[in-house]
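Trainee: Chains as they are written, first to last, in the working numbering: chain A, 1245 to 1378; chain B, 40 to 223.
It is worth saying that the hints were derived from the structure and are not from the lab.
Given the structure is predicted, the values throughout are model-derived calculations rather than measurements.
Mixed in with the good hints, there may be bad ones.
Covered stretches of chain A, going by a simulated chain B footprint (3 or more residues, C-beta under 8 Å) [stated by the list, open to error]:
(1) 1269-1276
(2) 1279-1291
(3) 1323-1331
Just a sample of chain A residues kept apart from chain B, beta carbon distances all over 12 Å, derived [said to hold, decoys possible]:
(4) Trp1301
(5) Ile1303
(6) Gly1336
(7) Leu1337
(8) Leu1340
(9) Asn1350
(10) Tyr1352
(11) Tyr1356
(12) Gly1358
For glycine and all other residues, C-beta sits at the position ideal for the given N, C-alpha and C.
Here are the chains, one letter per residue:
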Amino acid sequence: MKTCAEFEMEIMHAFYDEGEMSEDCKSHLATCESCQQFYETMEVIPREKEEIIIDEWVIQESVRAARFALETRNRRERWIFLIGTLGLMGIGLFFLAAGFGSFMRNLYIAMYLGGPLLLPIIIWKRQKRGREHA
Amino acid sequence: MRGEGELHEQQLIERARRGDSIAMSQLMRDNYALVYGYLLKVTRDQETAKDVTQEAMTRSLVAIRLFRGESKFSSWLIQIAYHAYLDEREKWEKRTVHQETEQIASVSTEQEAMRHEQVDQIQKALLEIEEPDRSIFLLKHEQGYTYRELADLFDLKEGTIRSKLHYTIKKIQKKVREPDEDMC
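Bound conformation, chain B alone (with noise of 0.2 Å):
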């Protein structure tokens, strides 16, 4: 049985396939927290987040009429967008500006200085990890996919997801318990 929102989200995607605009954007402001959220966490750059949201969104919209329906729309969607960030990956890393997310200049006690700083630490331990593997884990973590989902998403095995979370998370934790390792 299908929920009301389900339901909802199938309407849009047959009128969106039929060209209408109003479908399209509704569509996509659906699913732009999802996207931009995912893009901005793996890119760390506001303006390149957009431009890749941008362009996935173009591109899924183009190919929406071969959206069969086999996974959730949200999931094929968070496919194309890491494919097209993987694709303009080349042309804004020369550009990059690593922006800080939080400022820390206004901490007040020194228990939320550590708890900045060890945010900090896993922002630059996050950055260091190859793709897929950092996809994996931000959708893991934070949109709370499941295993099978990502499997499904990444094209690999179920076991493989498992191992590369296990991975990522003890490069973390590397990171975070030994930050000034790599300074030396």
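Isolated chain A, as found in the complex (with noise of 0.2 Å):
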């Protein structure tokens, strides 16, 4: 024999379309009062949608701010590239300069070779963070 709580969650799932009520449900809903009290209740919650105007203003100020926080990324990230791959560049020159030409040769050998093996780990971070947002 089912319990209140249970009929209930059988009432709730038919008022939401989520699945049909048994005659079990509905003998039980025509008799209980507890039931047909949370039946009542669901049925007096208004579900009607607001009448809602856009407000443009709202909307405006949100592409601005993120058009704002965009550019800033972007040029933080711009200039981040830049100096990296500068001291990069100066430090390969540096180890040139100091004779250590054959050694940066074989490093970069190894970076070319070996950077592609990163790529599936970089995906799989990309689309962890994007399921993290979504």
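Make one complex out of these two single chains by using the hints.
Mentor: As structure tokens, then:
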């Protein structure tokens, strides 16, 4: 025999079109005052959506703030890339001038060959980050 | 097979990712009622709801390149709105003005007055329900989200969503049936 809580769950599923109400449940609902109150409560809670007027100012401000944030981020990323690239180039040239030419050559070969192996990890991390946001 | 509306939305998302302001505005305009409507229900304050809507929309546009289309764009936006609301809650909690959305001054019949009183009790009961239970209930009851969508949105199991909904309705039922209980 099902409890009232179980019948209420069934009533809730039927109310939200997520399931059918069984004959058992229907006959229980006809006699149980507590379950009737549960059903009536769901019915009495307003479901109609309020008429909403779009506030263009909110939208325009959101877009403006987002564009500003994106531009700031892009600018920062460009600077990081530029400084990073120049820094790496400087280090490379320094080692070259200090007589570590063959070491640098081998390092670059290792980087070019080994770098692509990191791609699956980078892709996996990006997807994971996307899932967290989604 | 994708619907025309969905295709249109997909095009807007692609254009917004490339930084097209018109597409960004259109995308936000299309989802404004959903986001603002949801936030208005949870905050019960128009100004706060507008502030959080703006914050949520800004966040979503900044992060739009991370949207992979695994869920509906509107669900993704609601998730961002929910987190923006949680972040902002502490800031505005102290200055919340409990505005009554329904004026009962002009009710003409006793039946209408009773209904307004009931709606008032429901609103009060809803305010007492903790997050995410309140958001889950509002999104289910008013926006028609499915259990599956809600489970994805709040990163919970479908069974947990059902239990939370049941618990919320029971709480409202109690409040509606025994409105004077907490006055004692």
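Trainee: Taking the hints in turn, state whether each one holds.
Mentor: Each hint tested on the structure:
1. 1269-1276: Per the Cβ count (0), the hint is violated.
2. 1279-1291: holds (count 8)
3. 1323-1331: Check failed, 0 qualifying residues.
4. Trp1301: A:Trp1301 is in fact no farther than 12 Å from some Cβ atom of chain B, at 9 Å.
5. Ile1303: 5 Å, violated
6. Gly1336: Non-interface label on A:Gly1336 holds, nearest chain B Cβ at 32 Å vs cutoff 12 Å.
7. Leu1337: 35 Å, holds
8. Leu1340: 38 Å, holds
9. Asn1350: 37 Å, holds
10. Tyr1352: The claim stands: A:Tyr1352 keeps its Cβ more than 12 Å from every Cβ of chain B (closest is about 31 Å).
11. Tyr1356: 28 Å, holds
12. Gly1358: Holds, since 27 Å exceeds 12 Å.
Hint check: violations occur at hints 1, 3, 4, 5; the rest are consistent with the structure.
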